[in-house]
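In case you want the letters, here they are:
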Amino acid sequence: MTSEKKTKSNSSAPNISRRGFVTAAGTAGLSLTALGLVAQEARAATLMSDLTMAPTANPENAYPDWFPSWDRVVEMAKKEGQVQVSAWGGADVKVHYNKLCRSFEKKTGIKVKYTHGDWFSAQQMILGDVKSGNPEGKIDCVFLWGKPFSNLLQGNGVWEVPILDLLPNSRGIAYRPELGRFVHDMVPTYGTFVPHVNWQNCYVYDKSKYKRSDMPDKITDVLEWAKAHKGEFTYCDFNKGGSGHTWGMNLIYELTGGYNKYAFKPYDSKIADNDWGGLWDYLNELEEYCYQPGTYPQGNTAVAQLFSAGEISFCPNWDSAMSGQVRQGFLDPDRLGMYIPKPGIFSPLDGFTIPVNAPNKAAALLFLDHITSVESQMSIPTTIGSYPAVTKAWDNLSQEQRDQPWHPAKDLRASRDLGTIGGRHAEYMFRMMQDWVVKVAQG
Amino acid sequence: METKDIFQTKVDPMKGSGWSPITVAIVGTVVVMIILPICLVFLYSVSTRWYQTSWWWPQEVGTKWLLSIFQTENLRNALLNSYSIAFLTTLATLAITFPASYVLGTKERYNTGWPATVVETFSNFPLAFPTITLALGLMPLFQALGLMSSYTGVVLCHMIMSIPYAMRAMVGSFVMIPPEYEEAARNLGASRLYVMRVIYLPLVWPGMLAAAIFSFSWSLNEFVLVMLLGFPEIETIPIQIYQFVGGYYLHPQKAAVLGLFLLIPGLGLMYIVERLLKGTAVVPAGA
Amino acid sequence: MTQIKSTSISRLLGIERVSWFNLILLLPLTIFLTVMVGYPLVIAIFSSIGLAHPVPGLPDYFTIESYQAFFNPENPALKCLWFTIWVTTITATLSTISGISMALYLKLRDIDLPVIISFILKLPLFTPYLVIAFIFWVLLYPAGYVVNIMMFFQQLIADYIVLFERKPILVNDQFGIAIILCGTWMRFPYAFIIAQNQLAMIDPSYEEAARNLGASRFTVLWKIFLPLIKFGLLSAALLNFLALFIAFSIPFVLGASWPQFLSVFIYVNAKDRGDWLTGYTTAVVYLVIAFAIGICYTRALARSQTNGN
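Order-wise, the sequence lines are chains A, B and C. Note that the first sequence covers residues 1 to 443 in this note's numbering. Note that the second sequence covers residues 1 to 287 in this note's numbering. Note that the third sequence covers residues 1 to 309 in this note's numbering.
These are calculated hints, taken from the structure and not from any lab test. Values in this document were obtained by computation on a predicted structure and should not be read as measured data. Just so it is clear, CB atoms sit at the ideal spot from N, CA and C, and this is done for glycine as well. Among the hints, erroneous ones may be present.
[Claimed, not checked] No more than 27 Å apart at the CA atoms, straight line, and that leaves these computed lysine-lysine pairs for DSSO-like:
hint: 1; chain 1: B; residue 1: Lys107; chain 2: C; residue 2: Lys230
hint: 2; chain 1: A; residue 1: Lys230; chain 2: A; residue 2: Lys342
hint: 3; chain 1: C; residue 1: Lys79; chain 2: B; residue 2: Lys107
hint: 4; chain 1: C; residue 1: Lys167; chain 2: A; residue 2: Lys227
hint: 5; chain 1: B; residue 1: Lys64; chain 2: A; residue 2: Lys99
hint: 6; chain 1: A; residue 1: Lys230; chain 2: C; residue 2: Lys167
hint: 7; chain 1: C; residue 1: Lys79; chain 2: A; residue 2: Lys439
hint: 8; chain 1: A; residue 1: Lys207; chain 2: C; residue 2: Lys167
[Said to hold, decoys possible] Quick list of simulated restraints, FRET-style, between CB atoms:
hint: 9; chain 1: C; residue 1: Ile24; chain 2: B; residue 2: Ser68; range: 52 to 62 Å
hint: 10; chain 1: C; residue 1: Pro73; chain 2: A; residue 2: His229; range: 34 to 44 Å
hint: 11; chain 1: A; residue 1: Tyr210; chain 2: B; residue 2: Met33; range: 34 to 44 Å
Generate the whole structure from the sequences, applying the supplied hints.
See below:
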């Protein structure tokens, strides 16, 4: 037998033996299965086209005793029975949170103690508690912006658990790092930050005097416009309102080397010392053509009021500030024109975190999940006049609600989640705010 | 003989050489200048639409903001807190400063040594202490004593700032009292406590009233200390106002409505005080 | 009168022959001030030199570098301090003079204000200063009442003189005009009440005697009232100065980007940027200035008392 096989295999023509065939077939079979598996993997690995996450398929028994599933969190939250929420902001923000707290109470039966105060005192209270070792704080979740969040994180006041990824509704927030998922003003959040509202700084112009085509397209074309229309443009004091310093941050990107020079890189004071000459020259030249050269409105609302009063026709300002003016009856909405210049005015998302000594952490998680739901997020454009962190909430609004003049981006997904967005760099921004006083205001 | 009887003189308003046209003009101008901003507060509290096309009067007025304040703000609690804290602060301040003002006001007569001078200078310190620094300095102390977010804590820290006002007003009054009254009483065998109670108290009560008015109004208005040391348990009207016209946010109409809740009751109280004071101009008799 | 016995301890402390009773009367206030003012004062001073850490960001070691930085001529904080001092001085002067003048005028003319007017003059005491700061902004900003009225008058007299070529800048300006006006409005009643109170305590026989001797109203004012209420004048001026010196909301709303009031400067540096070292250093500077003013005041007070009332 062997000699026959040997003789047959010795011939030049390829001769598949039975064993060889079985091997080949087996290999082919395995490969096909493998390919199939790979194809399945490939299917599973397809990201959602809007950069959100598909709902989890982890079953209950995937969670051992020592790790709570979401159902366990809900159960523990109900046992805790109450949650203490601290936030701040204008009148509209207060109305918005009151609404959300009431809907949460109705849905879960967990009592909400909402205090509308001041981010500074909340920060101090938590840091003070941490210092004195008080294990039971008075705040379960606190609304913060970049600086106090950073202070709290550095002061060991934040509960260092990646809470964002625990919340089922957070899957609705697109996976862009700048959307508060990984950084907040370039300060790493390590998942401890739950973004809530996406303020948008825009260019605001008087529609009754100018057409959109008359207004500068690029963020840096302001100087040219101001030269042609002396005394009609102003911006807020960099230290008194975000509308000023957010715009300024984006000017830094455009005038001193590009966004990538600063994005996700540590602060280097030498860059601020050496490379910002162009920025200061620009602002100093602009000052001569501003409204009441040498004086700067002392806040976002001061700028908005000057605009409403017809004293200026062009300024950078927040969507919520301008919508506030219309809601309070100071500004005729027909005069309000807003747009985002190229390449954008990268604006922050403010949100919540849970302090380390929060006594009701499960309830806090449940509350944060509730306010990240699509229905809750829909209140942001309608009550505050700003953009939601969860894009689906924007999609669910009516055309009329999206058409308001303080919503310049009509397709939030295309412009933000899948488009060009960036973030502010907190440390460079604070340096800029400090230097502005010396280099521009004092001049 | 009751000391009060000697000194009471009834004064008729609008009588006498007073009201010439110049006087009317002067008083009138001052009154207008004071009233104008207050009228604006009222105007803002009712304006629901005020476009720039009309610079001096809103296009639409209504009660929208008043209603929204009633519906959404914790008004009753805040009002109660504001006024009771102010009242307690005033009482406590007067109680603590009366004996000290007596000592400092009669310095010339009794040897008080350097302790009195130190206390006098030290009592001026709160006037120059920025409230935010004071609040931050007090925070560790309050946390250690368990006074954070407590009624007592807020009254105590309000007392800090109202003491200088009270001291200034009261020491001044004590100094004005001729020393002969006390000497006479002491010669007749009165104890010093008796002298303080029966002689000085009725005579310095304009000063005490001034002190009380300053303390009360200061405490009513204060918000930095309450915000950092009393919030969130203790919420007062100024804290609510701050939410609408402080920091970076502005909702002047709601702030104006809340402002009225401080203004009107405060003025009501002042009016009552004025009526009590009217017709009892306290004037010491001749020496 | 029970005095402290003259022992070696009491001689050492310098309290020999001081009345016991006086010391006891001073005790409650002393304890209160020591705890409630002394403690934060010590915290403020120690924080500025690195010996206490109530907030993050303070140095861990003893250092006076923040004071060196503060008193460096290049330092903007010094300019802020100077700005604060002269705006506050002007405001204190205006408010005190207006309050006292009003009280003196009413006294000289024997006018007794009707209750309603008397209490209207005290309105600013009860107006929340946050609201008033905003209202003054509305009154004085370029589209506000005051400027509109000024421009209206300007138009009327345009053929004769041109006072303003364009709208005058009254808020957020480098001279602090709005701060001065608002501060004067707010502090007027303090000066008025103190002056009224002091004048009410003057023995009417002085004035009667002077008038009988033929003195004019002006002489009565100059030779009798003013010397008698010198104490009150100083006290009112001091009160108004210090109150506005540390004021925050008014300069925050009405002040300019530059120069800034010192309190706003602290706020911006410390609260927004977390530079607490500058905040505490500046607070200590504030306190030292007030202390110096307090000493001058006490000296002037002593002198006015020894001159005889």
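Here is how each hint holds up against the structure:
Distance restraint check for Lys107/B and Lys230/C: the Cα-Cα separation of roughly 18 Å lies within the 27 Å cut-off, and the hinted pair is therefore satisfied. Distance hint between Lys230/A and Lys342/A is fulfilled; the C-alpha atoms sit about 23 Å from each other, no more than 27 Å. With a C-alpha separation of about 40 Å, the suggested pair Lys79/C and Lys107/B falls outside the 27 Å cut-off, and the hint is violated. Straight-line distance between C-alpha atoms of Lys167/C and Lys227/A comes to about 20 Å, which keeps the hinted pair within the 27 Å bound.
Distance check on the hinted pair: Lys64/B and Lys99/A sit about 18 Å apart at the alpha-carbon level, within 27 Å; holds. With a CA separation close to 15 Å, the supplied pair Lys230/A and Lys167/C stays within the 27 Å bound. In summary, the hint linking Lys79/C to Lys439/A is supported, as the alpha carbons are separated by about 15 Å, within the 27 Å threshold. Between the alpha carbons of Lys207/A and Lys167/C the distance comes to roughly 24 Å, so the proposed pair stays at or under 27 Å and holds.
Judged by the Cβ atoms, the range 52 to 62 Å given for Ile24/C and Ser68/B holds: they are separated by roughly 54 Å. The hinted window of 34 to 44 Å between Pro73/C and His229/A holds, with their beta carbons roughly 40 Å apart. Taking 34 to 44 Å as the suggested C-beta distance range, the pair Tyr210/A and Met33/B conforms, at roughly 40 Å.
When held up to the earlier numbered hints, the structure conflicts with hint 3 and nothing else.
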